[in-house]
Amino acid sequence: MDERLKPVKYINDPVYGGISITKMEMEIIDTPIFQRLRGLRQLAKVNYVFPSAEHSRYVHSLGVLYIMGLMTEHLLKREMLSEDDVVKMRAAALLHDIGHYPLSHLGEGVYGYCKDNENANNIIQLNNETEKRYLYELASSHSKSAHHEHLGKYIVIHNNDIKGILKKYGLDPLEIGEIFTGERGSRNMVYTQLLHSSLDADRLDYLLRDSYQTGVKYGLVDLQYLVRLLLVVEDPQLTENNKVLVCNKKGQHVVEHFLMSRYFHYSQVIFHKTNAAFEGMIKSMYIKLVQNGRFVFNSLKEIHIGVNNEKFLNFNDSFLEVAFEKFYEETDDDEYKKLYEMYRERIRPKVVFELKDLYEESPTSEFSVLKWELKRNPDKITNILGTDRWGYQIVPITIEKIHSHYTLTEGSVNHEEELREAVKLYDIANEKISYLAEDKLSVVNKLANYKSEFIRIYVLEEKGKQYNYEKMYQRIKELITS
Amino acid sequence: MKNIDIANGVIFQKMGISKETFDDRLICQKKIYLLESLGTDLGYTYNWYVRGPYSPSLTNYLYNNLEILRANDFSQYSLSEAAEKNVERVNSLSEAKKQDMSVESWYELLASLVYIYNNKQSWKIDDKKESLFDILIKYKPQYNMVQCQYSYDILCNQEFIKAGI
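Chains as they are written, first to last, in the numbering used here: chain A, 357 to 838; chain B, 529 to 693.
For the record, the hints were derived by calculation from the structure and aren't laboratory data.
Glycine is no exception: its CB is placed at the ideal position from the N, C-alpha and C atoms.
Be careful, since some hints might not be right.
So, partial list: chain B residues that the calculated Cβ filter (under 7 Å) puts toward chain A [said to hold, decoys possible]:
#	residue
1	Q541
2	K542
3	G544
4	T573
5	W576
6	Y577
7	S608
8	N646
9	I653
10	I665
Within a straight-line C-alpha distance of at most 16 Å, the following computed EDC-like cross-link-like pairs (lysine to aspartate or glutamate) qualify [unchecked claim]:
#	chain 1	residue 1	chain 2	residue 2
11	B	K648	A	E531
12	A	K731	B	D569
13	A	K833	A	D673
14	B	K530	A	D528
15	B	K652	A	E531
16	B	K530	A	E493
17	B	K668	A	E474
18	A	K401	A	D673
19	A	K731	B	D533
20	A	K731	B	E595
21	B	K648	A	D528
22	B	K530	A	E474
23	A	K471	B	D569
24	B	K652	A	D528
25	B	K666	A	E596
26	B	K530	A	D735
27	A	K657	B	E609
Residues from chain B that keep clear of chain A, each with C-beta distances beyond 12 Å, as calculated [unchecked claim]:
#	residue
28	N531
29	G580
30	N592
31	N685
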């Protein structure tokens, strides 16, 4: 047995009981930069709605390591992976969130928004640089240009502690980073699928853990059986390194159950309407803080420069709270002050309009019109609401990781990229690989072509001001039906 | 509309981006990759898939925004000098396409060569152009050495690949 795989410690975990840790992993866990993850809430402010959702990126990272351990141990026993593969995948699993931001994805959106503006200023000659950026723009921004996985890769390559440990154990920091960013793609589909697919270690842990921590019971997935279904086989459609991760077809119902559970988890927890409205409000505040240069790091560039500084350890939720308050005391920005007061007093934005759709071909005309107006003519919405203190959210949720506009009738030939994350099944008797979503007898097939989408518009109330929500609702309704 | 949407809108318009067919989306992916490799950063990150560099976030962006961007009039905006020049360099690559190749295969070959070149360390190849061609043909056997050499010369000439390998 590879020395690097010998467990040296067990860590108690409420979801799995115990997680075994190797020497290299223990060294990584003990680094200050990994310990920083204790200070990042996994679900940002979901705890405003589900009070016990207090778990951190730290415990999630350990959980992903546990599941990756189960998956790779099973494949190793079947001689479908080598010991070296297992060491690499365990390291990638443990480190996959090392680049997360304060308030997790919410923070990622903030730095992404700031980077987008910087990029845009380099690309176009803007005449309106001083133009006011409205709250609805800040609250509804959703950018991935400062993706936490890419920051994580940067850390793994440049942080002296992490890169030193990986190299000491014969691993290439660049390769580990590229595994968890998904950049390896089809160069090693098995690696990519174990951490970047519908059925990967990351998604399995967050469903189980978030469900446990929030008290929502969607996460009852048969994990042990699911792992036993995994196989590595050759895919004749790929040229070089044609091995892919598949699920034994006989257990597809367990996979279907997992995909359905995740769908409900997203719709009921992650995109809970109160949570989403709160997050929009906090995002506006957070962007203002960063754009005024008042947080630990105020651009992706500054973060990169700081990955070996002690200051980087302050890049967490607690320091963000302090920075929010300090900026409140010192700024003249009235809008920021109002936002902070709402935040401090937990005054939730009021959802004034909500529209849901579940469609196969195209959304209802009302849905399309509202989406169009929100993106193209936000002034109309401001006019209807009688205030520019509003935000919106457009959320598509799919059952399977197939792009929401892709239809299965298009067929899968030549669409490998667009189906890259979808679950693949393997029929052992016929030695045939297929997509779960293509199986006409599968419930996922029936639902995969349907897109579930919703739009919510919320207003950030001002103290002492009266709002006629019924009138707002009626006027938006008129706008989309006229 | 956010500034980055305006930047995307102007660039998509100048590059004739569309999303109707798989080939349209493939060409878009490769053109934007080539543009970003010149330093015009729209914020998309790329992975390697069967057809070469591919950005999932670009696909999402296209589906969610292209119709709205198309309906907008961006005539009041102009690109910075550097961005304008880079867009022209990517567009002009189509003029060098030979008849034995489709537009999508041409852009796939160009973007794949640049991607491997830009990630030499990850692909564990040395500085020789032969190593670059070997890797490309290993992963994309539909291309041959002559096509690789021809594309490589154009990429060097247009400074997509700066140092001669």
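Going through the hints against the structure:
Interface restraint check: Q541 of chain B against chain A, minimum CB-CB distance 12 Å, threshold 7 Å, status violated. With its C-beta approaching chain A no nearer than about 11 Å, K542 of chain B sits outside the 7 Å limit, and its interface hint is violated. Look at G544 of chain B: its Cβ only gets to about 17 Å from chain A, farther than 7 Å, so that hint breaks. Given hint, T573 of chain B at the interface with chain A, holds; its Cβ is 6 Å from that chain's nearest Cβ, closer than 7 Å.
Contact between W576 of chain B and chain A, as hinted, is supported at the beta carbon level, the nearest pair being about 4 Å apart and thus within 7 Å. Restraint check, Y577 of chain B versus chain A: the minimum CB separation of about 5 Å is within 7 Å; hint holds. Interface restraint check: S608 of chain B against chain A, minimum CB-CB distance 6 Å, threshold 7 Å, status holds. The criterion of a C-beta within 7 Å of any C-beta in chain A is not met by N646 of chain B, whose closest approach is roughly 12 Å, and the hint is violated.
Hint status for I653 of chain B: violated, given a least beta-carbon distance of 13 Å to chain A, over 7 Å. For I665 of chain B, the interface hint is violated, the least distance from its beta-carbon to any beta-carbon of chain A being 10 Å, above 7 Å. Taking the CA atoms of K648 of chain B and E531 of chain A, the gap is near 12 Å; set against the 16 Å cutoff, the hint holds. This hinted pair does not check out: K731 of chain A and D569 of chain B have alpha carbons roughly 23 Å apart, beyond 16 Å.
With a C-alpha separation of about 39 Å, the suggested pairing of K833 of chain A with D673 of chain A is violated against the 16 Å cut-off. Proposed proximity of K530 of chain B and D528 of chain A is contradicted: the alpha carbons are some 39 Å apart, above 16 Å. Proximity of K652 of chain B to E531 of chain A is assessed by CA-CA distance (about 11 Å); at most 16 Å being required, the pair is judged to hold. A hinted pair counts as satisfied when its Cα atoms are at most 16 Å apart, and K530 of chain B with E493 of chain A qualifies at roughly 7 Å.
About 36 Å separates the Cα atoms of K668 of chain B and E474 of chain A, which puts this hinted pair outside 16 Å; it is violated. For the hint pairing K401 of chain A with D673 of chain A, the CA-to-CA distance comes to about 10 Å; that is within 16 Å, so the pair holds. For the suggested pair K731 of chain A and D533 of chain B, the alpha carbons sit about 10 Å apart, so the restraint of at most 16 Å is met. A distance of roughly 11 Å separates the Cα atoms of K731 of chain A and E595 of chain B; the hinted pair therefore holds under the 16 Å criterion.
With a CA separation close to 14 Å, the supplied pair K648 of chain B and D528 of chain A stays within the 16 Å bound. Taking the CA atoms of K530 of chain B and E474 of chain A, the gap is about 12 Å. The hint holds against a cut of 16 Å. Proximity of K471 of chain A to D569 of chain B is assessed by CA-CA distance (about 10 Å); at most 16 Å being required, the pair is judged to hold. Only pairs whose Cα atoms come within 16 Å are accepted, and K652 of chain B paired with D528 of chain A is accepted, the gap being roughly 11 Å.
A distance of roughly 7 Å separates the Cα atoms of K666 of chain B and E596 of chain A; the hinted pair therefore holds under the 16 Å criterion. Between K530 of chain B and D735 of chain A, the direct Cα distance comes to roughly 14 Å. Compliance with the 16 Å bound is thereby established for this hinted pair. For the hint pairing K657 of chain A with E609 of chain B, the CA-to-CA distance comes to about 24 Å; that exceeds 16 Å, so the pair is violated. For N531 of chain B, the requirement that its beta carbon stay farther than 12 Å from each beta carbon of chain A is not met, with the minimum near 4 Å.
Not every Cβ of chain A is farther than 12 Å from the Cβ of G580 of chain B; the closest lies at roughly 9 Å, contradicting the non-interface assignment. The Cβ of N592 of chain B does not lie farther than 12 Å from every Cβ of chain A; its closest approach is about 8 Å, which violates its non-interface assignment. With 12 Å as the threshold on Cβ separation, the claim that N685 of chain B sits away from chain A holds: the shortest Cβ distance comes to roughly 24 Å.
Against the hints set out earlier in the document, violations occur for numbers 1, 2, 3, 8, 9, 10, 12, 13, 14, 17, 27, 28, 29 and 30.
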